[in-house]
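Residues per chain are reported as follows:
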Amino acid sequence: DTAVSQTPKYLVTQMGNDKSIKCEQNLGHDTMYWYKQDSKKFLKIMFSYNNKELIINETVPNRFSPKSPDKAHLNLHINSLELGDSAVYFCASSHGPGQGVVGYTFGSGTRLTVV
Amino acid sequence: QQPVQSPQAVILREGEDAVINCSSSKALYSVHWYRQKHGEAPIFLMILLKGGEQKGHDKISASFNEKKQQSSLYLTASQLSYSGTYFCGTEIYRGGKLIFGQGTELSVKP
Chain A
1 DTAVSQTPKY LVTQMGNDKS IKCEQNLGHD TMYWYKQDSK KFLKIMFSYN NKELIINETV
61 PNRFSPKSPD KAHLNLHINS LELGDSAVYF CASSHGPGQG VVGYTFGSGT RLTVV
Chain B
1 QQPVQSPQAV ILREGEDAVI NCSSSKALYS VHWYRQKHGE APIFLMILLK GGEQKGHDKI
61 SASFNEKKQQ SSLYLTASQL SYSGTYFCGT EIYRGGKLIF GQGTELSVKP
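Sequence order for the protein chains is A and B.
So in this note's numbering, the last one in the first sequence is 115, and the numbering has no gaps at all.
So in this note's numbering, the last one in the second sequence is 110, and the numbering has no gaps at all.
It is worth saying that the hints were derived from the structure and are not from the lab.
Misleading hints may appear alongside valid ones.
In the SDA-like style, the derived pairs of lysine to any residue whose C-alpha atoms are separated by at most 25 Å in a straight line are [said to hold, decoys possible]: (1) A:K40 <-> B:L12; (2) A:K36 <-> B:L12; (3) A:K36 <-> B:S30; (4) A:K71 <-> B:L12; (5) A:K44 <-> B:K26; (6) A:K19 <-> B:L12; (7) B:K50 <-> A:K71.
Taking the hints into account, I'd like the entire structure generated from these sequences.
See the structure below:
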């Protein structure tokens with residue numbers, strides 16, 4: 001049973017296109033995250049949702065829009081893709097502040113290549 | 001503010017020990033440790049909360065010095081499977097942003 005699943009695993013698209021990445025977790029966690037990992041392996045947080053509510057919104061271009069329809073799902077939509085958006089995007093989940101302390105469980109990642 | 005890891009890279013022979021350090025300029029609530037193999041997701045190893053407790057996970061353990069805001073990851077009798085990039089992540093309060101260090105690349109050779 002996959003704990004945090006992301007789709008698609010690979011995404012190759014042209015500049016200017018709009019694309020979405022989907023994430024689902026079956027761990028019963030109430031907090032989900034999007035991280036971006038660049039070519040130098042730096043993992044940078046983008047967004048965090050707790051029970052469908054946005055709680056962390058880093059300095060990310062507003063072309064990136066997350067959406068959480070329920071606490072088990074967190075999607076990421078990217079408009080007008082640019083070359084610099086090429087990276088691996090990881091979804092993760094964990095317990096929020098009101099629950100026990102656990103580490104993050106990451107999805108397998110989506111490798112986005114903008115050409 | 002991003003925590004700083006050292007060393008940036010380390011090469012070991014099987015059976016050797018290694019220590020990876022993580023330092024923060026801010027007072028921390030927690031320190032996480034993860035290992036990421038090439039092309040895979042980061043995998044959670046352990047979490048340390050303020051209080052200076054040490055944790056263990058088979059032959060991998062970690063400590064957290066709250067006074068110095070430093071954590072160290074200890075890998076003893078390394079195995080080939082330990083190879084990968086190790087990341088520390090720090091939170092300054094419960095439920096805050098988990099900010100990762102730049103990573104330490106560990107290679108274990110036969």
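For each hint, the structure was consulted:
Between A:K40 and B:L12 the alpha-carbon distance is near 22 Å, which keeps this suggested pair within the 25 Å criterion. Under the criterion of a C-alpha separation no larger than 25 Å, the hint pairing A:K36 with B:L12 is inconsistent with the structure, at around 29 Å. Straight-line distance between C-alpha atoms of A:K36 and B:S30 comes to about 21 Å, which keeps the hinted pair within the 25 Å bound. Between the alpha carbons of A:K71 and B:L12 the distance comes to roughly 42 Å, so the proposed pair goes past 25 Å and is violated.
About 18 Å separates the Cα atoms of A:K44 and B:K26, which keeps this hinted pair within 25 Å; it holds. Only pairs whose Cα atoms come within 25 Å are accepted, and A:K19 paired with B:L12 is rejected, the gap being roughly 42 Å. For the given pair, B:K50 sits about 28 Å from A:K71 by alpha-carbon distance, which is inconsistent with the 25 Å threshold.
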